[in-house]
Every structure is written in structure tokens, then in C-alpha cells.
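Student: The primary structure of each chain is shown beneath.
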Amino acid sequence: QKEVEQDPGPLSVPEGAIVSLNCTYSNSAFQYFMWYRQYSRKGPELLMYTYSSGNKEDGRFTAQVDKSSKYISLFIRDSQPSDSATYLCAIRTRAGGTSYGKLTFGQGTILTVHP
Amino acid sequence: AAGVIQSPRHLIKEKRETATLKCYPIPRHDTVYWYQQGPGQDPQFLISFYEKMQSDKGSIPDRFSAQQFSDYHSELNMSSLELGDSALYFCASSVVGGNTQYFGPGTRLTVL
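Top line first, the protein sequences correspond to chains A and B.
FYI, the numbering for the first sequence is 82 to 196, going by my numbering.
FYI, the numbering for the second sequence is 76 to 187, going by my numbering.
Please keep in mind that the hints were generated in silico from the structure rather than gathered at the bench.
The beta-carbon is built from N, C-alpha and C at its ideal position, and this holds for glycine as well.
There may be inaccurate statements among the hints.
Claimed, not checked - Derived lysine-lysine pairs resembling DSS-like cross-links, with alpha carbons at most 30 Å apart:
| no. | chain 1 | residue 1 | chain 2 | residue 2 |
| --- | --- | --- | --- | --- |
| 1 | B | K127 | A | K123 |
| 2 | A | K137 | A | K83 |
| 3 | B | K88 | A | K123 |
| 4 | A | K137 | A | K123 |
| 5 | A | K123 | B | K90 |
| 6 | A | K148 | B | K132 |
| 7 | B | K132 | B | K97 |
| 8 | A | K151 | A | K137 |
| 9 | B | K132 | B | K88 |
| 10 | B | K132 | B | K90 |
| 11 | B | K132 | A | K83 |
| 12 | B | K97 | B | K127 |
| 13 | A | K123 | B | K97 |
| 14 | A | K83 | A | K148 |
| 15 | A | K151 | A | K123 |
| 16 | B | K132 | A | K151 |
| 17 | A | K83 | A | K151 |
| 18 | A | K123 | B | K132 |
| 19 | A | K137 | A | K148 |
| 20 | B | K88 | B | K127 |
| 21 | A | K123 | A | K83 |
To be verified - Below, a sample of chain A positions facing chain B; criterion: calculated Cβ distance under 7 Å:
| no. | residue |
| --- | --- |
| 22 | Y113 |
| 23 | G124 |
| 24 | Q188 |
Isolated chain A, as found in the complex (with noise of 0.2 Å):
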């Protein structure tokens, strides 16, 4: 079993819709976390960083953690055709010791925002 899971989709929704992307993970030790936006070809680009259980809101995007529960998620609100690419939570220990903070991501999740 995965360290880090994540629905893979692939998740169709029109413009203007609210996305949900979700991970859950199993590992306490995990301590950041991180959503990257990743279009075809190309190299992931941070969207999100959070380090505490509730929410934490920049623009259209937010990302939630509840580490009770080992969940987290991204919303997208008023979702743009744009938005389209695959979504990726990472996780990460607190660096330190034998850790420098390598990440683990889920498995990523495909939206597409049509018209």
C-alpha cells in the first residue's frame, strides 16, 4: 500500500464548477503538505503549502488538511478550462536527522474543465 493515496480520475467537470481533489495518508510523521499542478510534459508547479490541520486559502484555490484523519484537499472554485492538468498532493516529514525532506507524492489526479 501506498504511503500517499490519491483518486486518479480521471475527473471531468464543466467551467465554473467547484473541484474537490482529495488525498489520504498514512504515515504520522508527515508534517507538510503540498499540492502541485502539473500540465502535460512539463514539471510540477507548487500551487499550495500547509503545515496545519484546517484551512488555507489563496485566490480560487484551497487546501485543507485534518491530520486526525490523514486527509487532505484542494478545492478549486469557479473552475477554468485552465485549470485543466493532473493535481498531485505531496507529503513530507519535518526535515531533520537522517530526512532532508524528500517528498511523496499521491498519484495524481486528471481534471479537465470543459467550456
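With chain A held as given, fit chain B onto it using these hints.
Tutor: Chain B in isolation, oriented as in the chain A frame:
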């Protein structure tokens, strides 16, 4: 703003050949990470360096080696290439203990 630079962007090799991938981190970033992303897969951590020393090691084959140089750029050396090595190879950089990693555009390696 300056980003992570990777070269080459595309590389085609034959089986059993060697390949060298280069990564230039964002200025003032001292930590470099290498990831491998197979077709339809999530990125898998290979190896990382901090201040020119290997800091962590993941699922990197023994045929691969890497190092970080005094100017903080890093090179991933891959020998005895196999068909299964065909993938996107990403480099990411951060400041030490930094909570975010910034990825380069990747090198697409095709082994024929």
C-alpha cells in the same frame, strides 16, 4: 524569477549506454532533489544533496550516481541504461530545511 534549469530537455540513448543529466538550482538554494516519473506515474524520489553532500537516498538503482558541485549544480549519471529507465527526470531545489521544493521542467529520457 529564476527557476530550476535542467539540461538536456530531451535525450535519446541506446540500451547499455550512459547518460548525464544536469540540474541548476534556483540561486541561493542549497538543496537539490532528483525524482523519476514514469509514464502515468507519480514522481518517485531518487536522491538528494545538501551542501554537496548526499543527504537522502530513495529508490535509486546502483547503476545511477549523482553529485552536487561547489556551485550547487547537480548531475545525475546513469550507466548501463535499460528500457525501463525511460522516464521524465525532475530536479527540484529548496533552501535547507525549506518547506517547499521548486521543480525544473524535467529531462525526458528515452532508451531504445
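Student: If a hint holds in the structure, say so; if it does not, say that too.
Tutor: Against the structure, the hints come out as follows:
1. Between B:K127 and A:K123 the alpha-carbon distance is near 27 Å, which keeps this suggested pair within the 30 Å criterion.
2. Proposed proximity of A:K137 and A:K83 is supported: the alpha carbons are some 26 Å apart, at most 30 Å.
3. Restraint check: the Cα-Cα separation between B:K88 and A:K123 comes to about 21 Å, which is no more than 30 Å; the hinted pair holds.
4. Of the pairs offered as hints, the one joining A:K137 and A:K123 holds, with about 26 Å between alpha carbons and a cut-off of 30 Å not exceeded.
5. About 25 Å separates the Cα atoms of A:K123 and B:K90, which keeps this hinted pair within 30 Å; it holds.
6. For the suggested pair A:K148 and B:K132, the alpha carbons sit about 27 Å apart, so the restraint of at most 30 Å is met.
7. Distance hint between B:K132 and B:K97 is fulfilled; the C-alpha atoms sit about 18 Å from each other, no more than 30 Å.
8. Restraint check: the Cα-Cα separation between A:K151 and A:K137 comes to about 16 Å, which is no more than 30 Å; the hinted pair holds.
9. Between B:K132 and B:K88 the alpha-carbon distance is near 25 Å, which keeps this suggested pair within the 30 Å criterion.
10. For a cut-off of 30 Å, the pair hint linking B:K132 to B:K90 stands: about 25 Å separates their Cα positions.
11. As the CA atoms of B:K132 and A:K83 are separated by approximately 18 Å, the hinted pair is consistent with the 30 Å bound.
12. Annotation: proposed proximity of B:K97 to B:K127 holds, straight-line Cα distance about 14 Å (limit 30 Å).
13. Restraint check for A:K123 and B:K97: the C-alpha separation of about 17 Å stays at or below 30 Å, so the hint holds.
14. With a C-alpha separation of about 18 Å, the suggested pair A:K83 and A:K148 falls inside the 30 Å cut-off, and the hint holds.
15. Using a Cα cut-off of 30 Å, the hinted pair A:K151 and A:K123 holds, with the two alpha carbons roughly 29 Å apart.
16. Restraint check for B:K132 and A:K151: satisfied, since their Cα atoms lie roughly 25 Å apart, inside the 30 Å limit.
17. Under the criterion of a C-alpha separation no larger than 30 Å, the hint pairing A:K83 with A:K151 is consistent with the structure, at around 14 Å.
18. Only pairs whose Cα atoms come within 30 Å are accepted, and A:K123 paired with B:K132 is accepted, the gap being roughly 24 Å.
19. Taking the CA atoms of A:K137 and A:K148, the gap is about 14 Å. The hint holds against a cut of 30 Å.
20. At roughly 28 Å between alpha-carbon atoms, B:K88 and B:K127 fall within 30 Å of each other, so this suggested pair holds.
21. Between the alpha carbons of A:K123 and A:K83 the distance comes to roughly 24 Å, so the proposed pair stays at or under 30 Å and holds.
22. Below 7 Å, beta-carbon pairs count as interface contacts, and A:Y113 has one with chain B at about 5 Å; its hint therefore holds.
23. Taken as an interface hint, A:G124 checks out: its beta carbon lies about 4 Å from the nearest beta carbon of chain B, inside 7 Å.
24. At a threshold of 7 Å, the smallest CB-CB gap from A:Q188 to chain B is about 5 Å, leaving the interface hint in force.
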